[in-house]
Structure formats: C-alpha cells, structure tokens
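All chains should be built: construct the whole structure from the sequences, respecting the hints.
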Amino acid sequence: MKVIPAFSVPKAPCSEDDATSRNCYWDAAKRGNGKGYSYVVDVRGNVIYLNPKLNDHAARQKFNAAQREAGKEWWGTVDGHRFCWAKIGDTSYVTCFDGYKTTS
Numbered sequence: 000m001k002v003i004p005a006f007s008v009p010k011a012p013c014s015e016d017d018a019t020s021r022n023c024y025w026d027a028a029k030r031g032n033g034k035g036y037s038y039v040v041d042v043r044g045n046v047i048y049l050n051p052k053l054n055d056h057a058a059r060q061k062f063n064a065a066q067r068e069a070g071k072e073w074w075g076t077v078d079g080h081r082f083c084w085a086k087i088g089d090t091s092y093v094t095c096f097d098g099y100k101t102t103s
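Residues in the sequence shown are numbered from 0 upward in steps of one, following numbering that gives the first Met the number 0.
Derived from the structure by calculation, the hints contain no laboratory data.
Now the in silico label distances, taken between C-beta atoms and shown as ranges:
id, residue 1, residue 2, range
1, A69, S7, 35 to 43 Å
2, D89, R43, 34 to 42 Å
3, S91, K10, 30 to 38 Å
4, N50, S7, 17 to 25 Å
5, A64, K10, 32 to 40 Å
6, N45, Y92, 26 to 34 Å
7, N63, V42, 19 to 27 Å
The calculated lysine to any residue pairs, modelled on SDA-like cross-linking and capped at a C-alpha distance of 25 Å, are:
id, residue 1, residue 2
8, K29, D78
9, K52, T101
10, K10, A27
11, K29, I47
12, K100, A64
13, K61, E72
14, K100, N54
15, K100, Y24
16, K34, S20
17, K10, C23
18, K61, T101
Beta carbons: idealized from backbone N, C-alpha and C, even for Gly.
This is how it looks when you write it as structure tokens:
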C-alpha cells in the first residue's frame, strides 16, 4: 500500500503581484477582482489550483510555449493570477493560463 504524505494548507496569503511567494494561498473569491481560481503555492514554489483542470503541467508548458512563440513577454503573476504573458505596446494585453485577461 502506497502512503500519501499529508498535505496542509498554508496559513499565509500570497501577495497580489509576487511570483516568488511560497507556502501561501490565494483565495480568488476574496482577493484581486473576486474572480478566477484559488490556489496554494507549496514550500517548493509549485502552484496547485483547487480546480484540478488547471493542474495539468503539460497544458501549462504548451500555453507558455505558445505565448513565447507569439512574441509575448513573461509577466509572472498579475492581479493574483499566475503564469501570465503580455503583448507589449502602448497598451499591454495580458493573458494568463487560468483565462484571466487584462490590459496595462
């Protein structure tokens, strides 16, 4: 029988625009614009969404590769959303892996 290690939810909230936060949680219903997906960041910096469809590592890599190929710039975390890229111009168009979009 395989033993699965216990998982404890971090007690500290993640900072809004910080891609380097570790051992924290993001409550999407209460932070940012009140929309999006909640997640935790473990002590190693791995992002684990509470919505399982967003935890597909291969899909994240494919998304990142497509953004890079489109000439977009890596922006990391924007408004609490992880894995964000921007098309830079007079107005920058930001797209994140979880579907969040904004301009800057």
